[in-house]
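All residue numbers for the sequence shown refer to our numbering, where the first residue is 2 and numbers rise by one.
You may find that some hints are simply not true.
Said to hold, decoys possible - Estimated spans, in silico, between C-beta atoms of each pair:
id: 1; residue 1: GLY658; residue 2: PRO443; range: 50 to 58 Å
id: 2; residue 1: ARG199; residue 2: PRO130; range: 53 to 61 Å
id: 3; residue 1: ASP133; residue 2: SER211; range: 51 to 59 Å
id: 4; residue 1: GLY369; residue 2: ASP300; range: 32 to 40 Å
id: 5; residue 1: SER670; residue 2: ASP38; range: 20 to 28 Å
As the list claims (entries may be wrong) - Listed below are the simulated SDA-like cross-link pairs for lysine to any residue, each with C-alpha atoms no more than 25 Å apart in a straight line:
id: 6; residue 1: LYS399; residue 2: VAL363
id: 7; residue 1: LYS392; residue 2: ASP203
id: 8; residue 1: LYS95; residue 2: SER698
id: 9; residue 1: LYS95; residue 2: GLY563
id: 10; residue 1: LYS392; residue 2: ALA471
id: 11; residue 1: LYS187; residue 2: GLN241
id: 12; residue 1: LYS676; residue 2: HIS645
id: 13; residue 1: LYS41; residue 2: GLU132
id: 14; residue 1: LYS556; residue 2: SER538
id: 15; residue 1: LYS676; residue 2: CYS711
id: 16; residue 1: LYS121; residue 2: GLU74
id: 17; residue 1: LYS210; residue 2: GLY106
id: 18; residue 1: LYS399; residue 2: GLU353
id: 19; residue 1: LYS95; residue 2: TRP110
id: 20; residue 1: LYS705; residue 2: VAL723
id: 21; residue 1: LYS152; residue 2: PRO185
id: 22; residue 1: LYS248; residue 2: ALA471
id: 23; residue 1: LYS392; residue 2: GLU132
id: 24; residue 1: LYS399; residue 2: LYS95
id: 25; residue 1: LYS152; residue 2: SER173
id: 26; residue 1: LYS662; residue 2: PHE695
id: 27; residue 1: LYS68; residue 2: HIS24
Note that these hints are calculated values from the structure, not bench results.
Note that beta-carbon positions come from the ideal geometry of N, C-alpha and C, so glycine has one too.
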Amino acid sequence: PSAPRHTNRLINEKSPYLLQHAHNPVDWYPWGQEAFDKAKIENKLIFLSVGYSTCHWCHVMEEESFKSKEIGEIMNEHFVCIKVDREERPDVDKVYMTFVQATSGGGGWPMSVWLTPDLKPFAGGTYFPPEDGVHRVGFRTVLLRIAEQWKENKDALLESSQRILEALRHTSEIRVQGQESPPPPKEVMDTCFQQLSRSYDDDYGGFSKSPKFPTPVNLNFLFTYWALHRTTPEGARALQMALHTLKMMARGGIHDHIGQGFHRYSTDQHWHVPHFEKMLYDQGQLAAMYSRAFQISGDEFFADVVRDILLYVSRDLSDQVGGFCSAEDADSYPTTTSGDKREGAFCVWTAEELRALLPDPVEGATEGTTLGDIFMHHYGVEEAGNVDPMKDPHQELKGKNVLIARCSPELTAARFRLEPGRLSALLQECRQRLSSARAQRPRPHLDTKMLAAWNGLMISGFAQAGAALAEQEYVSRAAQAAAFLRTHLFDPDSGRLLRSCYRGKDNSVEQSTVPIQGFLEDYVFVIQALFDLYEASLEQSWLEWALHLQHMQDKLFWDPKGFAYFSTEAGDPSLLLRLKDDQDGAEPAPNSVTVTNLLRAACYSGHMDWVEKAGKILAAFSERLQKIPITLPEMVRASAVFHHTLKQVVICGDPQGEDTKEMLHCVRSVFSPNKVLMVADGDSAGFLYHQLPFLSSLERKDGKATAYICSNFTCSLPVTSVQELRGMLSP
2 PSAPRHTNRL INEKSPYLLQ HAHNPVDWYP WGQEAFDKAK IENKLIFLSV
52 GYSTCHWCHV MEEESFKSKE IGEIMNEHFV CIKVDREERP DVDKVYMTFV
102 QATSGGGGWP MSVWLTPDLK PFAGGTYFPP EDGVHRVGFR TVLLRIAEQW
152 KENKDALLES SQRILEALRH TSEIRVQGQE SPPPPKEVMD TCFQQLSRSY
202 DDDYGGFSKS PKFPTPVNLN FLFTYWALHR TTPEGARALQ MALHTLKMMA
252 RGGIHDHIGQ GFHRYSTDQH WHVPHFEKML YDQGQLAAMY SRAFQISGDE
302 FFADVVRDIL LYVSRDLSDQ VGGFCSAEDA DSYPTTTSGD KREGAFCVWT
352 AEELRALLPD PVEGATEGTT LGDIFMHHYG VEEAGNVDPM KDPHQELKGK
402 NVLIARCSPE LTAARFRLEP GRLSALLQEC RQRLSSARAQ RPRPHLDTKM
452 LAAWNGLMIS GFAQAGAALA EQEYVSRAAQ AAAFLRTHLF DPDSGRLLRS
502 CYRGKDNSVE QSTVPIQGFL EDYVFVIQAL FDLYEASLEQ SWLEWALHLQ
552 HMQDKLFWDP KGFAYFSTEA GDPSLLLRLK DDQDGAEPAP NSVTVTNLLR
602 AACYSGHMDW VEKAGKILAA FSERLQKIPI TLPEMVRASA VFHHTLKQVV
652 ICGDPQGEDT KEMLHCVRSV FSPNKVLMVA DGDSAGFLYH QLPFLSSLER
702 KDGKATAYIC SNFTCSLPVT SVQELRGMLS P
């Protein structure tokens with residue numbers, strides 16, 4: 002490529018998203034004092050653009066508007082332009098997304114917001130086309146109109162921005178309202194189940210028509226609802242809804258049948274045509290959900306999907322030093338000579354390509370059958386392409402096929418007169434050939450930024466899978482990533498987490514000049530990961546670190562007046578609002594996960610004030626939990642755990658002994674949402690014995706590994722039979 006004609010100050014940043022815009026003709030600034038000072042000194046409005054490096058519509062807006070010299074000149078003349086990577090600065094993103102959603106009824110990325118010089122928002126939206134169209138006003142027009150308004154009606158704009166900010170402060174506040182007790186758990190659970198049940202798609206699974214997101218938080222809630230209601234028709238339906246959704250997703254085009262892993266969401270009802278980016282947070286949560294599905298059902302189908310996800314993450318999202326990268330892009334060049342990227346180019350196929358790659362006749366099948374015939378039938382391939390033109394507005398997928406398992410293996414085998422085992426081997430051979438062919442295509446961009454929160458979610462995925470599938474290599478990978486976090490995203494001097502680090506030259510790990518401090522979500526997801534890793538590995542140092550981080554989280558984010566945790570620390574004047582997330586979305590809200598974290602922390606430490614804090618969070622969100630619990634399914638789930646009291650499953654025995662291993666395998670193979678696991682190995686000097694003196698009174702019975710089920714540090718009679726233990730683990 003020729004040398005870039007423009008270079009702006011984003012060239013000095015580490016974020017892959019900001020670096021993508023370093024050669025725009027727009028005079029971009031990163032979020033910071035230099036930009037704020039310029040806006041005040043020159044009395045200019047701020048144009049804030051927020052996105053992330055694997056966002057398809059962010060690329061579209063860059064190509065159409067931010068690379069345009071003419072639009073760049075308008076932006077530079079009238080505005081101080083700031084670029085923010087939402088994954089790096091979720092605090093900034095949330096403040097202004099709250100504004101955009103409140104004023105436009107929708108939200109998304111790229112997010113475009115206009116601010117006064119003192120950072121107050123007064124106009125905003127998401128993607129704008131460059132020029133006016135029949136239904137939408139163009140970006141150029143919006144820029145010129147807002148610049149004109151600032152010139153002609155500055156006082157009115159300032160007044161309006163102040164009113165908007167006051168309204169946002171009022172509507173976004175979450176605090177305990179008089180009563181200080183958590184809402185009644187049974188009613189909240191039942192209402193949440195009914196609301197999910199009404200929105201459930203009986204045919205294809207999932208909880209809307211389109212677009213369809215994986216929403217692991219819904220599935221996690223349903224598994225817990227089933228566990229607490231397993232003998233009722235509602236419990237059976239909850240389990241059926243969760244398992245059917247997971248099966249339909251795994252068969253759909255949202256699942257990458259050739260390269261493994263899951264795309265971000267489906268644009269249609271059938272889980273067929275996805276938005277092709279792959280996010281780390283989805284892989285981590287889905288690995289955990291499919292592991293739970295396997296624990297509950299014993300169906301190897303789910304275990305295979307877990308292995309598929311973790312293979313993808315190990316191969317394509319893993320940094321050599323041990324961390325996990327953030328995401329892979331949706332767009333890529335169709336061939337090495339292409340000038341333009343296309344969405345899904347790396348993943349889609351023409352019928353002609355498939356016939357050429359899979360021409361071999363298949364012995365023993367219906368006469369004249371080739372590998373291509375079997376594969377194309379099974380994965381719904383059509384000669385003219387299988388993508389609905391309505392789901393392909395830019396005609397990027399015309400004539401292409403997104404693979405979707407249209408038939409069960411049994412039906413495909415019967416159609417071609419093959420044994421099911423033989424069909425499985427043939428399809429596997431086809432997928433390997435396509436994988437080799439796909440490896441010749443230009444790969445999508447990889448966002449190599451490493452985030453503490455998302456690494457936490459992925460560590461949980463590996464740890465839970467390792468425990469449920471009894472795969473030690475997954476537990477080892479989780480431990481490697483946790484060690485990476487401790488080395489690169491934790492400051493031992495201050496005891497605090499950092500938000501992000503970056504892949505540098507020669508696979509080194511780099512940090513920003515001024516490192517970004519960890520947010521609430523970083524603490525919450527890392528603490529959860531460390532508890533999961535302790536239960537999978539029994540390495541007590543992870544437990545010790547988790548409890549340290551929980552104390553630090555309390556210190557930095559707890560709201561002593563209104564209860565619950567703020568998303569951000571106090572003291573940043575550039576953040577106009579200190580918010581508490583009130584919705585479980587693609588990732589659970591930090592306060593939702595914290596309820597369970599606090600209960601686990603109390604079980605491992607004996608600090609009962611953490612149980613009290615968990616109750617105060619539920620009290621702060623009480624109104625929302627009672628009215629629209631479907632917006633907080635993970636917190637609803639946690640409220641049930643809070644009221645049922647966690648069982649401390651203590652196994653007394655040598656961790657290397659076969660009898661202890663058998664008991665551990667039993668505990669890990671059973672889905673029980675209200676248990677914590679610990680091993681009392683007799684080392685009275687160990688961390689756990691120091692935290693929990695009652696462990697010293699528990700002994701092995703008859704020299705065998707012995708289990709105790711304890712509640713609030715009061716223990717059951719000793720159990721040495723795995724059968725008996727299994728029965729006691731049911732909620």
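So, going through the hints one by one against the coordinates:
{"no.": "1", "hint": "GLY658 <-> PRO443: 50 to 58 Å", "verdict": "holds, 53 Å"}
{"no.": "2", "hint": "ARG199 <-> PRO130: 53 to 61 Å", "verdict": "violated, 36 Å"}
{"no.": "3", "hint": "ASP133 <-> SER211: 51 to 59 Å", "verdict": "violated, 28 Å"}
{"no.": "4", "hint": "GLY369 <-> ASP300: 32 to 40 Å", "verdict": "holds, 35 Å"}
{"no.": "5", "hint": "SER670 <-> ASP38: 20 to 28 Å", "verdict": "violated, 59 Å"}
{"no.": "6", "hint": "LYS399 <-> VAL363", "verdict": "violated, 30 Å"}
{"no.": "7", "hint": "LYS392 <-> ASP203", "verdict": "holds, 22 Å"}
{"no.": "8", "hint": "LYS95 <-> SER698", "verdict": "violated, 49 Å"}
{"no.": "9", "hint": "LYS95 <-> GLY563", "verdict": "holds, 20 Å"}
{"no.": "10", "hint": "LYS392 <-> ALA471", "verdict": "violated, 41 Å"}
{"no.": "11", "hint": "LYS187 <-> GLN241", "verdict": "holds, 21 Å"}
{"no.": "12", "hint": "LYS676 <-> HIS645", "verdict": "holds, 10 Å"}
{"no.": "13", "hint": "LYS41 <-> GLU132", "verdict": "violated, 30 Å"}
{"no.": "14", "hint": "LYS556 <-> SER538", "verdict": "violated, 29 Å"}
{"no.": "15", "hint": "LYS676 <-> CYS711", "verdict": "holds, 10 Å"}
{"no.": "16", "hint": "LYS121 <-> GLU74", "verdict": "holds, 24 Å"}
{"no.": "17", "hint": "LYS210 <-> GLY106", "verdict": "holds, 19 Å"}
{"no.": "18", "hint": "LYS399 <-> GLU353", "verdict": "holds, 14 Å"}
{"no.": "19", "hint": "LYS95 <-> TRP110", "verdict": "holds, 12 Å"}
{"no.": "20", "hint": "LYS705 <-> VAL723", "verdict": "holds, 12 Å"}
{"no.": "21", "hint": "LYS152 <-> PRO185", "verdict": "violated, 55 Å"}
{"no.": "22", "hint": "LYS248 <-> ALA471", "verdict": "holds, 22 Å"}
{"no.": "23", "hint": "LYS392 <-> GLU132", "verdict": "holds, 23 Å"}
{"no.": "24", "hint": "LYS399 <-> LYS95", "verdict": "violated, 36 Å"}
{"no.": "25", "hint": "LYS152 <-> SER173", "verdict": "violated, 31 Å"}
{"no.": "26", "hint": "LYS662 <-> PHE695", "verdict": "holds, 23 Å"}
{"no.": "27", "hint": "LYS68 <-> HIS24", "verdict": "holds, 8 Å"}
The structure shown violates the earlier hints numbered 2, 3, 5, 6, 8, 10, 13, 14, 21, 24 and 25.
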